[in-house]
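Colleague: Starting from the known structure of chain R, fit chain U onto it as the hints suggest.
Here are the chains, one letter per residue:
2 protein chains.
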Amino acid sequence: MPKVKREARSRRTIIVGGVAGGASCAARLRRLDEEAEIIMVERGPYISFANCGLPYHIGGVIDDRDSLLVQTPESFRQRFSVEVRVLTEVVAIDAEAQTVTLRDLENDSETDLSYDSLVLSPGASPFLPPIEGVALPGVHVLRTIPDMDRIIEACEDSTPGHVTVVGGGFIGLEVAENMVHRGIDVTVVEMGPQLMPNLDFEMAASITDACVRHGVEVWTNTQLTAIKQAGDDLQIQTRDGKERSTDLVMMAVGVRPTTELARGAGLVLSPRGYITVDATLRTSDPNIFAIGDAIEVVHRVSATSGPMPLAGPANRQGRLVADIIAGRERTYCGPLGTSIIQVFDITAACTGISEAAARRMDIDHQVVWINAPSHASYYPGAETITLKAIFDPAGGKILGAQGFGKDGVDKRIDVLATAIAAGMTVAQLEELDLAYAPPFSSAKDPVNHLGSVASGVLESDHPACSWRVTEEEEDLLFVDVRTASEFAAGTIDGAVNIPLEELRARLDELPRDTQLVAFCQKGLRGYLAARILLQRGFEVRNLLGGYRLWQLVTDCQK
Amino acid sequence: MPKVKREARSRRTIIVGGVAGGASCAARLRRLDEEAEIIMVERGPYISFANCGLPYHIGGVIDDRDSLLVQTPESFRQRFSVEVRVLTEVVAIDAEAQTVTLRDLENDSETDLSYDSLVLSPGASPFLPPIEGVALPGVHVLRTIPDMDRIIEACEDSTPGHVTVVGGGFIGLEVAENMVHRGIDVTVVEMGPQLMPNLDFEMAASITDACVRHGVEVWTNTQLTAIKQAGDDLQIQTRDGKERSTDLVMMAVGVRPTTELARGAGLVLSPRGYITVDATLRTSDPNIFAIGDAIEVVHRVSATSGPMPLAGPANRQGRLVADIIAGRERTYCGPLGTSIIQVFDITAACTGISEAAARRMDIDHQVVWINAPSHASYYPGAETITLKAIFDPAGGKILGAQGFGKDGVDKRIDVLATAIAAGMTVAQLEELDLAYAPPFSSAKDPVNHLGSVASGVLESDHPACSWRVTEEEEDLLFVDVRTASEFAAGTIDGAVNIPLEELRARLDELPRDTQLVAFCQKGLRGYLAARILLQRGFEVRNLLGGYRLWQLVTDCQK
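Residue numbers (this note's numbering), protein chains in the order written: chain R, 2 to 559; chain U, 2 to 559.
Looking at chain R on its own, in the form it has when it is part of the complex (with noise of 0.2 Å):
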C-alpha cells in the first residue's frame, strides 16, 4: 500500500472567486490536506460555471441552461468540504493583519475573517468604451450567467432583427455566430485592422471569409463612436461616419482585470494595471497568491509579461497555488498562449508567439505556411488546413505555430503545441511518429509536412516568398505552374502559365535576369518548379501557401 505523505498542514485558506482558477485551487486543496480550513468566496451568485459555453446558449447549440453549471455551491461544498460563500464580496484585505472584510450582499452586513494564505482569483470584466449611450438598455456584456440571462430574453422578448457587435475577439465571434443561428442579421464593428488580433492577419482572414460567407457583416478599421435610441431601435455611429439601426447592442471589445481589492491592499500591481506575481504565484505579499485573468504572467516563447485570460492557464494557476499552499514546491511554467475559435465552418488556433508578435519584440525570426488535407484526400471528407510556422533562423527552434481549417486543426495546434513546450525544432517536427490511418491524416501528416518546409527553408533548400510578396516587390515574374484550367479559373495579375509538367521542356520561355516567383494552388508544384528552376540557374522562389492562401488575403483586404 502507499504511504500516506505527511502534508504541511494548512491551516485557512480564503480564495477570492469561484470561476475556473478559484474552484481548481479550491478542489485541489480539499485533495491534498482533508483538514484545511477553505473558504471560497463568490461575488455572483453562480460559482464553476461553464463561462465559455455561454455564448452556445444563446445561440441554442447547448439546449440545457443547467448544464452550464458544472458545480452548485451546495455539490461543491457536499463533494469538497469547501465552505462556499456566494453573493459574498471581499471588500477589504489587511495584508499585515492577515484579515478579510467581506459583505454580504443579500443583507449587506460585513464581517472579519482572518485567513493563513488567501487566494485572489476576481478575474476580468467587460470594458466599456467611454461612448455616448453605452449604458442603454439594448447594450449588453457577455461575462457572466446573469448577463447571458439578460441576452436571451433580449432576444425573446422582442426577437430583433439586427444585432451590432463591437468587438471581433473570441466572445464577439462567438456571440455573433450564435446571433446567425438564432436567424438574426449580424454587423461586427471592430476598431483594428482585423478580426482575432491573437492570429497573424492572413490566418485571420479565414475568419473574416467564414463570417462574410454566413452573412455577417464586418467592419474592420471602425471606430464606434456612439450608440443613440432611436424609437424602439437603436442607431449606431462610428468615426468614419457610417450610421446603422440596430435592435441590440453587444460590447465584446476585451476586459479589464478586477483589481479594485489588490489595489486596496497596497499589492504590486503592473504598469498595464494587472496584479503583479511572481513564479509561485505570490503577489507581493507573501502571504496573497493570485491567479487567472486579473495576473501578469510570463510567457514561455517570449519571457515577457502580459495577461493571458484563458481558462487552461487559469485552471493551471490554481492547482499549482495549491500544491503550493499545502507545503509543496512547485514553480509555474508560463503559458504558451495556445487559444483556438469555431466560427462557423472554419476553425482557426494559435500557439506560441505570432508572427506580428515576433516583429513587435524583436525576435528573429523565419516564417512558413503550407496547405495539406486534414487526412487522406482520397478518404471522404478531407479538407485543406493551412499551416503556419514562426520558427529561429538559427536552428529553428519553432517558436509559434497557427492554423485554420475545416477539420482538424485543433490536433496540429495540440501537437505543435507539444513541440514548442519541449523547445523542439523544425527538423524535428518533420520526424514525428504521428497516428496514421486514411480516416485521420496522411502518411505524411500536415505537422511532418510544415516541417519539411520550414527545414526546406532553413537549409536554403526551399527559396520562398510570402503573400505580401505583391505589395512588397516589383519587377518580378509570377509564374503560374497550375493546369491551364487552374490558370483560366483566376491568377496573379500578370502571371504566365506553365504547368509544372512541361516545365522542363518550356524553360527557355522564361527570363533568367527576372526574379521569379513559381505558384500553385496550394505550394507543392510551386516548390517542386522551384527546384528544377533553382537547378538550372533561374532567380526563384516559391509562393508559400499559394495562390489559395494569396487569394484569401487579397479577397479579405477588398
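In short, the hints are calculated from the structure, not lab data.
Honestly, I wouldn't trust all of these hints.
Said to hold, decoys possible - Straight line, CA to CA, 25 Å or less: simulated DMTMM-like cross-link-like pairs of lysine to aspartate or glutamate: (1) 407/R / 67/R; (2) 445/R / 408/U; (3) 559/U / 330/U; (4) 559/U / 241/U; (5) 445/R / 75/U; (6) 398/U / 324/R; (7) 445/R / 330/U; (8) 445/U / 64/R; (9) 407/U / 65/R; (10) 445/U / 67/R.
Modeller: Same frame as chain R, now just chain U:
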C-alpha cells in the same frame, strides 16, 4: 535570393519498389538533384497507390477506385522525370559489380543495369499459413490493387452471405468492417487472446466490443486448421473443433518481408529474416540502402530492433535515404510505432511501447488509465475517451500511451507521441498548454488529466490499482462511491455503496483492517474518495479507469 547549394551529384540510383517509401525516395531525390538518373522498378502494375485505402474501397466508403492511384507511372515520370518501369522485377543484384538484373514480366526478357546507389523498398507480402485449403479460389489476401479487385469481384459475382476474416489486426478488422458495410455477416478468427495485438488487452477490448455491437462474431484464442470446399461454399475448421460454413475467407494473419533479392545478394538479414540496416539505412553493402516493411529498425523508446511495417516511417525513410544519396549527413531516429485504427464507431491508437512490451522486455514501468470527455461535456457531441500512459517510475518519463473512444483519440495520441519523442515526463503533460474551446477540449485536456493522474501516482498522492485487481488479489473490500442508482444498475461483486458525497459522514461503516478499493464510473470520484480515506487512515486504492473500463474488460473476457 537564396543561393544554390552544391549537391554531391548522385549518378544513377535504382529504386526497387514503387510504393510508399520507394516513391517518396524517388521524388525527394529528384527535388534535390535535377541531374540524377533515377530508375524506379516495380513488380506490380501500379506505383504509389493508396494501400491503406484498399479496405475502404471494398466497403464503398471510398467510392472512386481511381482515387486510390495517387500517382500513375506516367504522372510520376512527367512530374519527377523519373524512369518508372512497372511489371518489371529485379531478379538479382551483383553487389560487387554494382549491377542489377531486371526481368520484364510482360515479355520475360532480362537486362542488366549498373547503379551507383541501390534502394530496396520491396515491402512485404501476406503470410499464408500452411493449412489445408489455403490455396482455394475463395481464399483471399489484401495487399495490392489486384487483390482488392479480386475481392470486390468475388463479392459482386455471387454476393457472399458470410465472410471469415482470419487475423484480427489492422487489415483484418478494416476488411471485417467494410464487409459489414456491404451487408455481409462476418466472423473474425484470431489465434491470439485478443484483437489488435499492438494494443494492451484492456484497450483492445474496446475494438472487440465495437465488433460485437455491430454484429461481427469474434473468435479469439482460435486457430484455423483447414478450409474445405463444400459445394459452392467453404467450410472452415478450427483446432478446438469449431466448424462453420462461409462464402469467402480473407487471410490477414500478418506479412512476411520480401527479401529473396537481398538474400540472394548476400546482404545481412536479421534472425527474424528482415534486412538489417544501420542508422543511415545502409544494408551490409554500403551502396545498397533498404527501407520500409522489409527492414528492421531500432525503436525510439525501447531501443530494440524489429520490423515496423507502417506507412509513416516508410515515407520518412525514403526521404532520408534520398538525402543521403544526395550527399547529406542524416541518421534515422527510429519510429515510435504510433498507429491507429477505426473500427465502426471506435478509434483505438497507441504510441511508444505497450505495457505488455514493457513487461516482456523487463523495462521498469508504471501504468495509469483515465476516462475524460473528448470536449467540454456541456457542448454537444462529447464522448468519453479512455487514455493509458506507460511511464518510468523513476522520474516519470513517458514510455508509451494508448487510447480509445469515439472522438478525439487521434489528437491525444499525436500529442502523446510528440511528448514521447521529446522525452517528456508525465509531470510535463500536466503543464501542456493545449487549445481549448468547448467544441474541442476542456480547460483541462484529457492529456493534462492523464499527466495529473500519472504524477499523482508517482508522488504517492494517488493510491491506485488496475482493472486486474479483481483477478489478482483477494480479501479486498470494494467501495462503490457512485450514486445509489448507478450502483443498482450494476457493480463489482461484493461492493458496498457509499456515494462520494456521503463518504465523510459514513467513515465508521468501513473497516480499518481491510484493504479498500474505491471506485466510481470513470475514476474521478474514486480518486476523491481515495484521497479522503487515505487521509483518514484507511488502506485504500482507487480503481483506475473506473467501473467503465473494468466492465469492458470483464465483458470481453466472457
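Colleague: Sort out which numbered hints this structure fails and list those numbers smallest first.
Modeller: 1 and 3
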